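There are 2 protein chains.
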Amino acid sequence: MSDWFSQFNGRSVLITGGLGFIGSNLAYRLVELGARVLLVDSLIPQYGGNLVNIAGIESRVRVNIADVRDEHGMRYLVRGQDYIFNLAGQVSHLDSMTDPYTDLEINARSQLSILEACRHGNPTAKIIFASTRQIYGKPEYLPVDERHPLQPVDVNGINKLAGEWYHIVYHNVYGLPTVSLRLTNTYGPRMRVKDARQTFLGWWIRQLLEGQTLQIYGDGRQLRDFNYVDDAVEALLLAAAQEAANGQIYNLGGDDPISLLELAQLLVALAGYGRYELIPFPPDRKRIDIGDYYGSYGKIAAELGWWPKTSLREGLTRTLAYFSEHLPHYI
Amino acid sequence: MSDWFSQFNGRSVLITGGLGFIGSNLAYRLVELGARVLLVDSLIPQYGGNLVNIAGIESRVRVNIADVRDEHGMRYLVRGQDYIFNLAGQVSHLDSMTDPYTDLEINARSQLSILEACRHGNPTAKIIFASTRQIYGKPEYLPVDERHPLQPVDVNGINKLAGEWYHIVYHNVYGLPTVSLRLTNTYGPRMRVKDARQTFLGWWIRQLLEGQTLQIYGDGRQLRDFNYVDDAVEALLLAAAQEAANGQIYNLGGDDPISLLELAQLLVALAGYGRYELIPFPPDRKRIDIGDYYGSYGKIAAELGWWPKTSLREGLTRTLAYFSEHLPHYI
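If you read the sequences in order, they're chains A and B. Following my numbering from start to finish, the first sequence increments by one per residue and tops out at 335. Following my numbering from start to finish, the second sequence increments by one per residue and tops out at 335.
Source of the hints: derived by calculation from the structure; they are not laboratory data. Just so it is clear, the structure is predicted and the values come from calculations on it, not from any experiment. Note that CB positions come from ideal geometry on N, CA and C, so glycine has one too. Among the hints, a few may not be true.
Said to hold, decoys possible - Quick list of in silico lysine to aspartate or glutamate cross-link-like pairs, EDC-like style, CA-CA up to 20 Å:
#1 Lys303(A) with Glu144(B)
#2 Lys198(B) with Glu329(B)
#3 Lys303(A) with Glu144(A)
#4 Lys142(A) with Glu150(B)
#5 Lys142(B) with Glu150(A)
#6 Lys290(B) with Glu144(B)
#7 Lys303(B) with Glu144(A)
#8 Lys142(A) with Asp296(A)
#9 Lys198(A) with Asp99(A)
#10 Lys303(B) with Asp259(B)
Claimed, not checked - Distance windows between CB atoms, simulated:
#11 Ala306(B) with Pro286(A): 35 to 41 Å
#12 His330(A) with Ala306(B): 56 to 62 Å
#13 Gln11(B) with Pro284(A): 36 to 42 Å
#14 Glu247(A) with Gly295(B): 21 to 27 Å
#15 Ala306(A) with Asp296(B): 26 to 32 Å
#16 Tyr221(B) with Asp288(A): 45 to 51 Å
#17 Glu214(A) with Tyr178(B): 33 to 39 Å
#18 Asp296(B) with His333(A): 53 to 59 Å
#19 Pro49(B) with Arg73(A): 28 to 34 Å
Could you put together the complete structure from these sequences and hints?
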């Protein structure tokens, strides 16, 4: 455990999206570290929140069902918090194109209102924003570092970009201690597997466990990098713990990018059963596809001492084990 | 006159922000070119709209008072238009920090709803978006080209960035013929001189004409580039007229960047009277100041054949002449 993490003991921590995939995994870790954890989640069915995600720590966290779009509620909830992990978001690329306004409200406007609430009511709270590699769009070079042009390919990417930059501007102008992490594909226990809204990998895991055929779009040669959720959680905590991170933007990233085809093969091999097939890209997916992507995590490694520690093989093994046991609660 | 411009004859053109500074100058030009011009403006007192701006062409344009935030109204108004010049915006940097939500509604959400209206009701209309050099933030190198990192320094810059990228994504995903021009400081007849909300230069012109002392923040050595409004209008028309512009982003820019101190000296020299003084930066200005800025217009020169034709001396002379005559209508 990093020496940095003793500071969370006894401190008040708010996690928006706290019943979701990354939020709940973060909550387990913070409970272990002795923090007083408040989880805020809207439990919108299409999103990642699920009360099952906090099984075992229900009595050690507080849960407040609220939507980050509820400006007045959020103004109250941020008060007295030492750390705010700002993870709530609309994550579906396709949903952002069919309903761009909801995406705007959640990913942009709500971020602004949380920051305004902190500026007026809690200007010393450290705010850690979960951004996404998606704001880079289709890579012009690989690995993608933080200086890569921002060329989002869908409305979700634009609104996440705005949400991230509100955090940076509120640091630069008002001195709020904020930091943004641009997450890549994150996977692990408690991820959404009901559909492909959060990530295709969740959907694949469900299909595999249910004996269905995994479908790979195109030729399956698109490269991706992955972070196991425990590694993403450690990055969030390291960014929260270190003042050097304030006002900064950091990529996460995984070692050894893998093609979707190889990923499907690895999943089948680890499960010991299953099959996959290549199918043509659906048109609505193709229009927002970004080709190969993998990121450089050199900046956060150098400045905050983070690097991914869980191999894809190990992480997928644990994920399959989790969902083998708990799948009924997630579908 | 560019050969490209004969295509506007008899065509339907909507200008949002059409009673404002650039919108009204564009309207004069389009009327000359034989277009059927519809001006949409909210006439919000703090913004640039002013009925005086269309003196002389009142009977040759249609005016519809409406706010771009009026989703239903805009859905109707975009129908049947061949060209939509999307110029309406909240432009004050300081206002965007004191009231970030209004800035978000106008500069981001309304852009999305105009694009949605076109996607559903008029997908072939050419849409020309007036973006701003402000989304670059503090330059890392000069002149700033379109590949410069986007690092806005205030909420206005973030929302304009989002508004611009909705246009690009709606081109890339849905094929709408959109283009974005990143304008630099634009000046000329009909600019807002009532206060410094649109640009400090308008404010200076008013102060000069009223016999007040021009105030320059800091040491006055900050460099800026300027475009005379006729040149900006020509860029908008060239981008509207050429299919090659679709999906593209172009900087405008001025030749011979000038320091604020030299600009004040030039204004005084051209007017034949007046004085200026250096004063310390007000704190709220300093926090969002960007130092030197001037842009490269190499891309639009090469691809669309645009370059600025009016010297600063000539443009300021015409601007002073205009406001010497019309100032009472603008204060």
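Here is what the structure says about each hint:
About 19 Å separates the Cα atoms of Lys303(A) and Glu144(B), which keeps this hinted pair within 20 Å; it holds. Using a Cα cut-off of 20 Å, the hinted pair Lys198(B) and Glu329(B) holds, with the two alpha carbons roughly 15 Å apart. A C-alpha spacing of about 19 Å is found between Lys303(A) and Glu144(A), which places the hinted pair at or below 20 Å, so the restraint holds. Taking the CA atoms of Lys142(A) and Glu150(B), the gap is near 17 Å; set against the 20 Å cutoff, the hint holds.
For the hint pairing Lys142(B) with Glu150(A), the CA-to-CA distance comes to about 17 Å; that is within 20 Å, so the pair holds. Taking the CA atoms of Lys290(B) and Glu144(B), the gap is near 18 Å; set against the 20 Å cutoff, the hint holds. Distance check on the hinted pair: Lys303(B) and Glu144(A) sit about 19 Å apart at the alpha-carbon level, within 20 Å; holds. Among the hinted pairs, Lys142(A) with Asp296(A) is consistent with the structure: their alpha-carbon atoms are about 8 Å apart, no more than 20 Å.
Between Lys198(A) and Asp99(A) the alpha-carbon distance is near 15 Å, which keeps this suggested pair within the 20 Å criterion. Using a Cα cut-off of 20 Å, the hinted pair Lys303(B) and Asp259(B) holds, with the two alpha carbons roughly 14 Å apart. One distance hint, 35 to 41 Å for the beta-carbon pair Ala306(B) and Pro286(A), holds here, with the actual separation near 37 Å. Hint check: His330(A) to Ala306(B), Cβ distance near 58 Å, so the stated range 56 to 62 Å holds.
Checking the proposed 36 to 42 Å range against Gln11(B) and Pro284(A) shows it holds: the Cβ atoms sit about 39 Å from each other. Separation of Glu247(A) from Gly295(B) is about 26 Å and conforms to the stated range, judged on CB atoms against 21 to 27 Å. At about 30 Å, the CB distance of Ala306(A) to Asp296(B) agrees with the hint of 26 to 32 Å. Against the hinted window of 45 to 51 Å, the Cβ-Cβ separation of Tyr221(B) and Asp288(A) comes to about 50 Å, which satisfies the hint.
The given range of 33 to 39 Å is respected by Glu214(A) and Tyr178(B), whose C-beta atoms sit roughly 35 Å from each other. Our hint of 53 to 59 Å for Asp296(B) and His333(A) holds, since their Cβ atoms are close to 58 Å apart. The supplied range of 28 to 34 Å is met by Pro49(B) and Arg73(A), whose beta-carbon atoms lie about 30 Å from each other.
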